[in-house]
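Number of protein chains: 2
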Amino acid sequence: MSACEFESLEKCLESHLPEAELSEVKRILFGKETQKLDLPPCAVSAASERDFELKGFMFDAAQEQLRPPRRVRVGLIQNRIVLPTDAPILDQINAMHSRVGEMVEVAAMCGVNIVCFQETWTMPFAFCTREKEPWTEFAESAEEGNTTRFCQELAKKYNMVIVSPILEREGLHNTLWNTAVVISNSGRVLGKSRKNHIPRIGDFNESTYYMEGDTGHTVFQTQFGNIAVNICYGRHHPLNWFMYSMNGAEIIFNPSATVGALSEPMWSIEARNAAIAHHCFTCAINRVGTEHFKSEFTSGDGKKAHHDFGHFYGSSYVAAPDGSRSPGLSRTHDGLLVVEMDLNLNRQISDKWSFKMTGRYSEYAEELTKTVRPDFKPNIVKE
Amino acid sequence: MSACEFESLEKCLESHLPEAELSEVKRILFGKETQKLDLPPCAVSAASERDFELKGFMFDAAQEQLRPPRRVRVGLIQNRIVLPTDAPILDQINAMHSRVGEMVEVAAMCGVNIVCFQETWTMPFAFCTREKEPWTEFAESAEEGNTTRFCQELAKKYNMVIVSPILEREGLHNTLWNTAVVISNSGRVLGKSRKNHIPRIGDFNESTYYMEGDTGHTVFQTQFGNIAVNICYGRHHPLNWFMYSMNGAEIIFNPSATVGALSEPMWSIEARNAAIAHHCFTCAINRVGTEHFKSEFTSGDGKKAHHDFGHFYGSSYVAAPDGSRSPGLSRTHDGLLVVEMDLNLNRQISDKWSFKMTGRYSEYAEELTKTVRPDFKPNIVKE
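So the protein sequences, as listed, match chains A and B. The working numbering applies: residue 362 is where the first sequence begins, and numbers increase by one. The working numbering applies: residue 362 is where the second sequence begins, and numbers increase by one.
Rather than coming from a laboratory, the hints here were simulated on the basis of the structure. Every clue listed holds true.
Identical chains share a label here; the pair holds if one copy fits it or two copies do between them.
In silico lysine-lysine, DSBU-like type, Cα no more than 30 Å apart, as pairs: (1) Lys664 - Lys393; (2) Lys372 - Lys393; (3) Lys518 - Lys397; (4) Lys717 - Lys393; (5) Lys731 - Lys717.
Starting from the given sequences, assemble the full structure and let the hints guide the process.
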């Protein structure tokens with residue numbers, strides 16, 4: 362069985378394990394069982410007609426006396442590229458707009474309040490090629506580009522906050538960035554969050570194209586909760602999640618593009634660890650499918666030149682502060698994951714575990730400040 | 362099936378999943394398959410006679426041209442208490458010395474270089490009772506206590522570094538600490554590492570007994586590698602792992618005592634996330650069994666008073682920097698996990714993923730310093 366044929370971990374476990382053991386396995390692996398969310402039949406049939414997976418789950422919180430529940434529905438979209446990578450740029454972008462647009466329409470039927478797309482969602486993940494042309498032509502203004510305008514229309518139409526991760530061109534200085542544009546449900550561009558950590562690994566030659574972000578750890582206060590965006594490789598950096606949390610993030614999105622051979626065993630660990638450690642929800646999104654490029658390229662691994670860099674394994678999921686997580690979308694198909702979460706859970710779990718109060722952050726601030734000095738002497742005891 | 366009957370996740374998967382799917386499931390859950398380590402027949406039969414589980418695994422690294430392999434064998438010991446909790450204190454301590462001593466002897470047969478015991482290994486985890494007496498009588502001097510002397514003998518006899526987590530009494534001021542004593546294979550006390558973060562959750566009333574550690578993030582340079590100890594609740598704090606790594610830790614031990622209902626779904630996430638994020642090995646150790654106390658106690662959860670606080674689920678394991686992990690020891694039995702690791706893997710994975718170089722620590726030092734000020738203004742964008 363090849364890695365791009367295996368559809369989903371959860372499905373495999375459910376079809377082979379006896380009931381009693383299955384429930385223990387799921388408890389250990391995924392925590393408290395997430396309830397299924399009833400989705401409207403019109404959404405279910407639209408998803409089926411449009412050939413994408415639709416799944417819904419719910420994270421509940423205890424009823425409090427003084428606060429009403431703060432239930433929010435979040436949508437995660439994962440998808441393949443639509444046209445071949447050598448189709449005209451504008452056709453490729455328009456085809457992605459059209460595909461994602463029809464998925465967002467289904468999200469609206471499901472009552473989604475905040476939707477997030479995958480990393481650089483309007484384009485193939487072409488950084489493996491190290492060619493500047495034609496790929497930099499996919500870059501757009503975060504504030505005024507066609508893709509942002511397209512998202513603003515969707516946002517207004519569906520009263521939905523949209524997180525739109527694109528390749529950004531800042532036109533005045535022609536700098537490129539890997540940027541998530543956050544659009545309010547009013548249709549206004551709330552702001553943007555640039556990728557803080559840029560990989561130099563395997564075919565992820567992104568440092569060839571853009572630099573580390575300069576927008577810090579901005580949190581966006583929306584009508585539906587405080588959200589932040591930790592883009593792709595930033596999920597490997599615990600301090601990045603931490604700092605979004607210190608700025609008040611209740612939901613942190615992690616739009617990504619990553620392939621099986623490189624990162625799959627880490628995928629279920631990192632975003633989930635962040636949800637646990639920071640008493641918040643995290644949403645991990647990965648694209649699916651294999652993207653083929655016309656020019657062959659090498660991967661710095663001594664192997665022959667080739668035209669693709671493996672299978673993007675999807676598996677988008679949501680992790681909760683109580684250590685539980687939703688099942689993932691499939692490893693192989695386009696999908697929309699709808700998750701209802703009661704944000705009251707964040708404070709309830711914080712009051713239970715108290716990581717923020719037991720964190721000793723002042724001491725870490727001092728230690729870290731010493732650590733980064735060129736004359737830092739590590740605290741090593743020798744015999 | 363109750364939580365204390367379910368023996369092990371890995372065993373369950375192995376006995377029910379078809380071969381092809383099992384290998385995909387294991388790849389996704391556990392990463393690159395860890396090879397089994399051949400252990401000497403005398404050790405296997407001694408473990409069987411002494412009624413504990415013995416498992417061995419190996420993490421290999423690529424052969425380099427300029428550096429020879431740096432292969433180290435680490436032993437993780439998990440065990441039940443031996444005598445009832447109302448037996449005389451000295452009898453309880455002696456029984457634990459004797460039990461762990463016979464397990465260390467088997468570790469020596471397996472060529473273990475560094476062994477780590479579970480948190481406060483000489484005593485029941487009695488902090489649930491909130492009684493000071495008789496439990497504080499288990500506290501000993503880290504430098505000169507009987508337990509340290511016992512470990513020094515073992516260390517010399519077997520040429521083994523020993524990490525011995527105890528309840529420490531600092532006699533001059535009668536302060537108590539939760540402390541790991543690190544004893545060199547020469548028999549010398551190299552130093553100690555006090556628990557940095559103290560829980561206030563459920564039955565873990567440890568803040569009633571001792572305060573946050575004052576030994577910082579010390580790393581111990583031993584003949585077999587640079588080691589550090591992140592005790593129990595410290596594993597929930599990403600900055601704690603991070604700071605041990607910044608001080609040069611190659612292997613971080615996490616001796617713990619934790620129960621199923623509270624933390625089991627987090628168990629496989631946190632130490633493993635740290636190994637990935639910091640390009641090092643982490644060793645998570647949990648005790649096993651259910652401990653009964655004579656006085657009944659309540660748990661602050663509105664339920665009736667009771668005499669135990671649930672099942673310690675064992676499941677000790679080792680996580681590697683490449684995202685893989687060893688299978689765990691059982692959830693139900695005493696056990697010794699022997700893991701051979703080539704420490705060259707740390708640098709190899711660091712050179713591949715480069716988290717330390719892409720970490721932007723100077724910027725985090727500045728941000729964190731601002732964050733901990735009373736006048737900190739979070740970076741929140743509002744509409």
